[in-house]
Amino acid sequence: MKPTRFIDLVPHIVLIVGVLIFAYPIYVTLIGSTWDSGTIGRGGLPLWPGGQGAANYAQAWAGEAGDRAMYTPVRTMMLNSLVMALSIALGKIAISILSAYAVAFFRFPLRMAFFWLIFITLMLPVEVRIIPTYKVVADLGLINTYAGLAIPLIASATATLLFRQFFLTIPDELLEAAKIDGAGPVRFFVDVVLPLSRTNIAALFVILFIYGWNQYLWPLLVTSSGDMETIVTGITKMIGTGESANDWHIIMATTVLAMLPPVAVVVFMQRWFVKGLVDSEK
Amino acid sequence: MRGVALLDKRRRGFLFNPPHASPLRHAQPTKDHPLQRRVTFDNRLLPYLLLAPQVAVTLVFFIWPAAQAIWQSVHLQDAFGIRSEFVWFENFTHVLSDPNYLDTLKVTIVFSVAVTVLAMGVALLLAVLADSKIKGARAYKTLLIWPYALAPAVAAVLWMFIFNPDIGSFGRALRALGYDWDYRLNGGQALVMVIMAASWKQVSYNFIFFLAGLQAIPRSVMEAASIDGAGPVRRFWTITFPLLSPTTFFLLVVDMVYAFFETFGTIHALTQGGPGKATETLIFRVYQDGVVNNDLGGSSAQSVILMVIVIALTAVQFRFVERKVHYA
Numbered sequence: 005m006k007p008t009r010f011i012d013l014v015p016h017i018v019l020i021v022g023v024l025i026f027a028y029p030i031y032v033t034l035i036g037s038t039w040d041s042g043t044i045g046r047g048g049l050p051l052w053p054g055g056q057g058a059a060n061y062a063q064a065w066a067g068e069a070g071d072r073a074m075y076t077p078v079r080t081m082m083l084n085s086l087v088m089a090l091s092i093a094l095g096k097i098a099i100s101i102l103s104a105y106a107v108a109f110f111r112f113p114l115r116m117a118f119f120w121l122i123f124i125t126l127m128l129p130v131e132v133r134i135i136p137t138y139k140v141v142a143d144l145g146l147i148n149t150y151a152g153l154a155i156p157l158i159a160s161a162t163a164t165l166l167f168r169q170f171f172l173t174i175p176d177e178l179l180e181a182a183k184i185d186g187a188g189p190v191r192f193f194v195d196v197v198l199p200l201s202r203t204n205i206a207a208l209f210v211i212l213f214i215y216g217w218n219q220y221l222w223p224l225l226v227t228s229s230g231d232m233e234t235i236v237t238g239i240t241k242m243i244g245t246g247e248s249a250n251d252w253h254i255i256m257a258t259t260v261l262a263m264l265p266p267v268a269v270v271v272f273m274q275r276w277f278v279k280g281l282v283d284s285e286k
Numbered sequence: 002m003r004g005v006a007l008l009d010k011r012r013r014g015f016l017f018n019p020p021h022a023s024p025l026r027h028a029q030p031t032k033d034h035p036l037q038r039r040v041t042f043d044n045r046l047l048p049y050l051l052l053a054p055q056v057a058v059t060l061v062f063f064i065w066p067a068a069q070a071i072w073q074s075v076h077l078q079d080a081f082g083i084r085s086e087f088v089w090f091e092n093f094t095h096v097l098s099d100p101n102y103l104d105t106l107k108v109t110i111v112f113s114v115a116v117t118v119l120a121m122g123v124a125l126l127l128a129v130l131a132d133s134k135i136k137g138a139r140a141y142k143t144l145l146i147w148p149y150a151l152a153p154a155v156a157a158v159l160w161m162f163i164f165n166p167d168i169g170s171f172g173r174a175l176r177a178l179g180y181d182w183d184y185r186l187n188g189g190q191a192l193v194m195v196i197m198a199a200s201w202k203q204v205s206y207n208f209i210f211f212l213a214g215l216q217a218i219p220r221s222v223m224e225a226a227s228i229d230g231a232g233p234v235r236r237f238w239t240i241t242f243p244l245l246s247p248t249t250f251f252l253l254v255v256d257m258v259y260a261f262f263e264t265f266g267t268i269h270a271l272t273q274g275g276p277g278k279a280t281e282t283l284i285f286r287v288y289q290d291g292v293v294n295n296d297l298g299g300s301s302a303q304s305v306i307l308m309v310i311v312i313a314l315t316a317v318q319f320r321f322v323e324r325k326v327h328y329a
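Sequence order for the protein chains is A and B.
Each residue of the first sequence is one higher than the last, beginning at 5 in this note's numbering.
Each residue of the second sequence is one higher than the last, beginning at 2 in this note's numbering.
It is worth saying that the hints were derived from the structure and are not from the lab.
Careful: at least some of the hints might be erroneous.
Stated by the list, open to error - In silico DSS-like pairs for lysine-lysine, Cα to Cα no more than 30 Å straight-line:
{"#": "1", "chain 1": "A", "residue 1": "241", "chain 2": "B", "residue 2": "278"}
{"#": "2", "chain 1": "B", "residue 1": "142", "chain 2": "A", "residue 2": "279"}
{"#": "3", "chain 1": "A", "residue 1": "139", "chain 2": "B", "residue 2": "142"}
{"#": "4", "chain 1": "B", "residue 1": "134", "chain 2": "A", "residue 2": "279"}
{"#": "5", "chain 1": "A", "residue 1": "279", "chain 2": "B", "residue 2": "136"}
{"#": "6", "chain 1": "B", "residue 1": "107", "chain 2": "A", "residue 2": "241"}
{"#": "7", "chain 1": "B", "residue 1": "107", "chain 2": "B", "residue 2": "278"}
All chains should be built: construct the whole structure from the sequences, respecting the hints.
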């Protein structure tokens, strides 16, 4: 074996420091969620777990009143976030795969006009049109509803472009063969296009689920009742102005629960996640 | 979730690596029919039905609100919101001559440039190291990409747990060392906090793309340079860095857009734009003026200014992509 030189260790040291910088805040939060609010509030949080973990998570989950205030139960907020994230991910995939199929497999008047109409949404992120979009949603009576949370976010040029680009790689021979066999457009979509798109759908789903779960500004605007609170906006409402006398144990347990689903998706679906990310940015 | 810059990278990878045994690989869209297949279905009604859901959502929640924003930006409403008067560009001149708005613009520029440089610099360093042939490269990659899953607001909360002057270990340590650390009172410190929290979250995204870019660089070029006696640092600056330029440019645009818009959650959770207006960015101000202060004309004019910025960034990105395709 070659003797290890110090220079060979430098990359490892830098990478380990990098990993630690990303892991440390999470570790502190995990530890904090197992202590009582007094210990955290005094700033004396140790580096090892305390014995309050089960009690803190149960309290956060059920929404029992903390020492200071009442909170929306985490189970309600998790459910709201889950419904929002799933509706956004599945809704986006459904409407964009259909529109991409139309643009790629049919020739019809105004095809390019529709294509550009969809394309232009790339340039209008929800943040730049918040006030008027809020007004539309309010006029439709969708404030404090799941539809109001999800539908304005499901139109996306990116997903449509991704599917269209993939559809253009499906060989003409396949389409000709299907036509000769008498398969119509609906049959061809269900039996050929959908099965071929499986990987793309999975990859896109991972990215869109995270995108939906992590929404912040939009849920902040369209939900005003505690029952409709999503977990990401719920945490900052719990923190308030960040005084030291807060129910920190509940806040930290809630933060851990808020991170769990998207992090699990990234870690367990890593292959699809990287593919989805790199592809959808093309 | 925007952009098209990685198109040519896939092609490069495709050229240098033998294609996988998939029949679909051979049917890449070509110059002969870049936007349309040769064989299509003939159906009058069906394509419109298929397009209907997306077009409906786009019209109701994108085009109509954007048009509203533009309409409101050139009108002035009375206090009761009943009558409105066409005022040309008065809202814009009002917004752009407001010294507060110019301060906000300055904060946004400092914030965006700092976040972009930090996120890209750290990510590039880590990606180059994780791409080299070292033990445990896979584990490092997994451990570095997961922060992508965190919401910007959650990243801000995590940073608060550490740097809060009352409860955070680092925040308390800074105070114990005699440094007057309190980002809730000191504007400069608040800006540093939001910059750190925002770039911390964005590193993993940049890391993934730099890594993909690095893996597309053919090993043979690096080996040839190595045989010619170029050291690792020289190889990086003369080969790796220039070949990475499409990725770098793409990330530059994405990070700017991220810093401009998606960091609303970071700022809202950490500082609420304060203290004073020290961490108020353009997007935060749109929210503040439109939602909190209910100034529709001013907020809409600001929204239109933001739209122009996004369109400019997107256009720059597309022009660059076209140029790259010519080189390829």
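Now for the hints, and whether the structure bears them out:
1. Taken as a hint, the residue 241/A and residue 278/B pair is honoured in the structure, with Cα atoms around 21 Å apart against an allowance of 30 Å.
2. Of the supplied pair hints, the one linking residue 142/B and residue 279/A holds, its CA atoms being roughly 15 Å apart against a limit of 30 Å.
3. Among the hinted pairs, residue 139/A with residue 142/B is inconsistent with the structure: their alpha-carbon atoms are about 44 Å apart, more than 30 Å.
4. Of the supplied pair hints, the one linking residue 134/B and residue 279/A holds, its CA atoms being roughly 22 Å apart against a limit of 30 Å.
5. A C-alpha spacing of about 24 Å is found between residue 279/A and residue 136/B, which places the hinted pair at or below 30 Å, so the restraint holds.
6. In summary, the hint linking residue 107/B to residue 241/A is supported, as the alpha carbons are separated by about 29 Å, within the 30 Å threshold.
7. This hinted pair checks out: residue 107/B and residue 278/B have alpha carbons roughly 11 Å apart, not beyond 30 Å.
Consistency with the previously given hints fails for number 3 only.
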